[in-house]
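Trainee: Using the hints, position chain B against chain A.
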Amino acid sequence: MMRRIFAALAALVVAGPAFAGAPRDYFKVGVVTELSGDLATGGNVTKRGYDLWAQAVNEAGGIAVGGKKYPVKLVYADAQSNPFQGAAAAERLITQEEVDFLLGPYSSGVTLAVAPVVEKYKVPMITGSAESPLIWRQKFLYTFGTIPPINFTGASAIQTLAALSPAPKTAVIFGSNDTFSKATAEAFEAAAKQSGIKVVKFNIVPAGQDLTPLMSAVKGLRPDLVAFGGHDEELIKLVKGLHQIDFAPRALLMHYGVTEPAFVEALKGDANEVFGGAVWTETTPTKGQVLWKDAPSYAAAAVKAFSVPADYTQAGSSAAGIAFQVAVERIKATPPLGESARAELVKALEAVDVQTFYGRVKFATEGEFYHSNIGLSPLTVQIQAGKVAVVGPAKNAMKAQYPMTPWSKR
Amino acid sequence: MELLPQALMDGVMLGAIYIIIAVAFSLVYGVMHVIDFAVGEWIMFGAFAGFYLNRATGMDPFLLLPAVFVVFAVLGYLLQPVIQRVLSGKKGNPLLMGLVFTFGLSLMFRGLAQTFFGFYSLSIPSRFSTGSFFFEKGSFFLTVSHVRLAGLVYAIAITVGLQYLLKHTDFGLGVRALAQHKDAAGLMGVNNRRTSAFVYAIYVGVSAMTGVLIGTILAVSAKMAPEYTIFTFFVVVLAGMGYLAGVPAAAFLLGIIQSLFLIYLDPGYTLLAVFGVLYLILLVSPTGLFRKGV
Numbered sequence: 001m002m003r004r005i006f007a008a009l010a011a012l013v014v015a016g017p018a019f020a021g022a023p024r025d026y027f028k029v030g031v032v033t034e035l036s037g038d039l040a041t042g043g044n045v046t047k048r049g050y051d052l053w054a055q056a057v058n059e060a061g062g063i064a065v066g067g068k069k070y071p072v073k074l075v076y077a078d079a080q081s082n083p084f085q086g087a088a089a090a091e092r093l094i095t096q097e098e099v100d101f102l103l104g105p106y107s108s109g110v111t112l113a114v115a116p117v118v119e120k121y122k123v124p125m126i127t128g129s130a131e132s133p134l135i136w137r138q139k140f141l142y143t144f145g146t147i148p149p150i151n152f153t154g155a156s157a158i159q160t161l162a163a164l165s166p167a168p169k170t171a172v173i174f175g176s177n178d179t180f181s182k183a184t185a186e187a188f189e190a191a192a193k194q195s196g197i198k199v200v201k202f203n204i205v206p207a208g209q210d211l212t213p214l215m216s217a218v219k220g221l222r223p224d225l226v227a228f229g230g231h232d233e234e235l236i237k238l239v240k241g242l243h244q245i246d247f248a249p250r251a252l253l254m255h256y257g258v259t260e261p262a263f264v265e266a267l268k269g270d271a272n273e274v275f276g277g278a279v280w281t282e283t284t285p286t287k288g289q290v291l292w293k294d295a296p297s298y299a300a301a302a303v304k305a306f307s308v309p310a311d312y313t314q315a316g317s318s319a320a321g322i323a324f325q326v327a328v329e330r331i332k333a334t335p336p337l338g339e340s341a342r343a344e345l346v347k348a349l350e351a352v353d354v355q356t357f358y359g360r361v362k363f364a365t366e367g368e369f370y371h372s373n374i375g376l377s378p379l380t381v382q383i384q385a386g387k388v389a390v391v392g393p394a395k396n397a398m399k400a401q402y403p404m405t406p407w408s409k410r
Numbered sequence: 001m002e003l004l005p006q007a008l009m010d011g012v013m014l015g016a017i018y019i020i021i022a023v024a025f026s027l028v029y030g031v032m033h034v035i036d037f038a039v040g041e042w043i044m045f046g047a048f049a050g051f052y053l054n055r056a057t058g059m060d061p062f063l064l065l066p067a068v069f070v071v072f073a074v075l076g077y078l079l080q081p082v083i084q085r086v087l088s089g090k091k092g093n094p095l096l097m098g099l100v101f102t103f104g105l106s107l108m109f110r111g112l113a114q115t116f117f118g119f120y121s122l123s124i125p126s127r128f129s130t131g132s133f134f135f136e137k138g139s140f141f142l143t144v145s146h147v148r149l150a151g152l153v154y155a156i157a158i159t160v161g162l163q164y165l166l167k168h169t170d171f172g173l174g175v176r177a178l179a180q181h182k183d184a185a186g187l188m189g190v191n192n193r194r195t196s197a198f199v200y201a202i203y204v205g206v207s208a209m210t211g212v213l214i215g216t217i218l219a220v221s222a223k224m225a226p227e228y229t230i231f232t233f234f235v236v237v238l239a240g241m242g243y244l245a246g247v248p249a250a251a252f253l254l255g256i257i258q259s260l261f262l263i264y265l266d267p268g269y270t271l272l273a274v275f276g277v278l279y280l281i282l283l284v285s286p287t288g289l290f291r292k293g294v
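Residue numbers (this note's numbering), protein chains in the order written: chain A, 1 to 410; chain B, 1 to 294.
Looking at chain A on its own, in the form it has when it is part of the complex (with noise of 0.2 Å):
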């Protein structure tokens, strides 16, 4: 009975390479993201993304090629916000489940550990969140970002804050130890210095801590601005820390995550009046080309399929799916997608220009940001009566609040 099994077994195993590249009528999607662990909310919040335009896609009968429609199927694989478990889930989707091309992991440690995977596979990927500017500096010809780094936006915040009266003139600049955060506390430090901005402090912090009592080292050197770089949770217990012991400065600038509905729905009221960086909101004038006409109609499907607002890394990611969707139309590839029709597609994702509802997807070619969207232009957001406004440095923009209002006095 045993051998039996174990010949059925070794005959599955030597069958198996046979059914690769058989044919399919529908796209087969690799996710790599964060679905658990200390990332999983923005992992989650990519995922929503991507869900988003699978569904738009399959409702609109799916990827149009060749006058036929190919749904377009994803399969999900858990980087539980670890690098290596994120390399081997790439690696696991590539080689056994054979999909067509990946949507790319929420942060930017674990894009950097997945990356190097794909280009060894030659399988595309664009991840609709990572943000540091290392990942393309390294110019990886398979990997993709609709999301531009953060020394490309991360500068644009402190200048609009440079420009308020009376200016800032010094600040307190700290990041948590990841690779985003830490970019982002680089960039908002570069960029200060250019802006006339005395950085009285610059420090990198280990990630998840109560930072209180630095806060309360920082309360001492009494600086206009303080910013700072990490994710949700740790934004969120700042902010609290800074509550606690009653220290408001001037303008108290962030990142990603202030855009994020739990932020406002943890802090309620101290929520107010924080600063941060993004490139998409629900009010950003867009015209649409591929499934969403605006991003109005964009965050009301999001609200539709979620209930929660949608922010601009869960546009992105759908942006992701768009981008790949127009590049695939365009080579005219129907699935699977042999390694030639991978190269083709790599060519043509560096050729797609498009107007989405997210704005201009058009990827660099060369240079520092290469493989990452210079479409966009970044825009700072404030958070006003619990909504993200943007106030800067769109021609639309909103009057910021500055100074920030003490807490006593909320």
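No wet-lab data here; the hints were simulated from the structure.
Beta carbons: idealized from backbone N, C-alpha and C, even for Gly.
A few of these clues could be false.
With a cut-off of at most 30 Å between alpha-carbon atoms, the simulated DSS-like pairs for lysine-lysine come out as follows [to be verified]:
1) Lys-139/A <-> Lys-73/A
2) Lys-362/A <-> Lys-69/A
3) Lys-28/A <-> Lys-332/A
4) Lys-169/A <-> Lys-137/B
5) Lys-182/B <-> Lys-167/B
6) Lys-287/A <-> Lys-395/A
7) Lys-122/A <-> Lys-332/A
8) Lys-399/A <-> Lys-287/A
9) Lys-137/B <-> Lys-198/A
10) Lys-137/B <-> Lys-201/A
11) Lys-137/B <-> Lys-409/A
12) Lys-73/A <-> Lys-362/A
Example chain A residues on the side facing chain B (calculated, C-beta under 8 Å, incomplete) [to be verified]:
13) Asp-38
14) Thr-41
15) Asn-44
16) Ile-204
17) Gly-208
18) Pro-213
19) Leu-214
20) Ala-217
21) Gln-244
22) Ala-262
23) Ala-266
24) Lys-268
Mentor: Using the frame of chain A, we list chain B on its own:
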């Protein structure tokens, strides 16, 4: 130099959080000899319970503490016989089985929390969470946040309460007897199963209350547990495994090292300093700061 009072005060208040996460754990280790990997998850469940109870009733989280204690103590009481069974097996290595079992529980609890509570970080609002006392004299200044001060008071109350229970009640006598020698305690009429179940119930209840407090001072999320598990181990090992009276000193030491490093030295090396100190102390005294651990 003008920051020193603040650095010490912040260290003490950080230490208070470490006391309350470690004190009950130390007790349960002393009696059951179980290293409960799920300690962070009990804190997390407690924090979520506090969050949802606060949302449903609008009551201040500090007033909710007794209710959270009772609910979780009952849960702990019901779960303890299962752990006891794993620990009292005749084959294999029961201590190791206890470790594996609670590690499995922690993974399962974390998964359940993410499934049921979602992935967002939350916060429990309290009337204490916003105010602070401020003292200034010359160039020295000191800010003491109300909610952290309340945490310190709570930590002292819990430690004193547990010490009283251990040293001045018949139940405590039984607990200490069990910790010293199970068989002899049994011969003297101490009911091992029931006493252990009560100790585990107290541990789960106190950990859950701690969660409510952490959710009020810091934040609540399904991913918060591992961080607190690590700090619990740190404090308990430094205090001496199972030596309850050593917990406050170890916790304050950890808090003050962290605070001084964050303020005066490079904050990037805070954790390195903390674990460096643990390593050095264990090298000199493997049974903890007071040489009284197991």
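Trainee: Which of the stated hints cannot be reconciled with the structure, identified by number in ascending sequence?
Mentor: Violated hints: none at all, because every hint is consistent with the structure.
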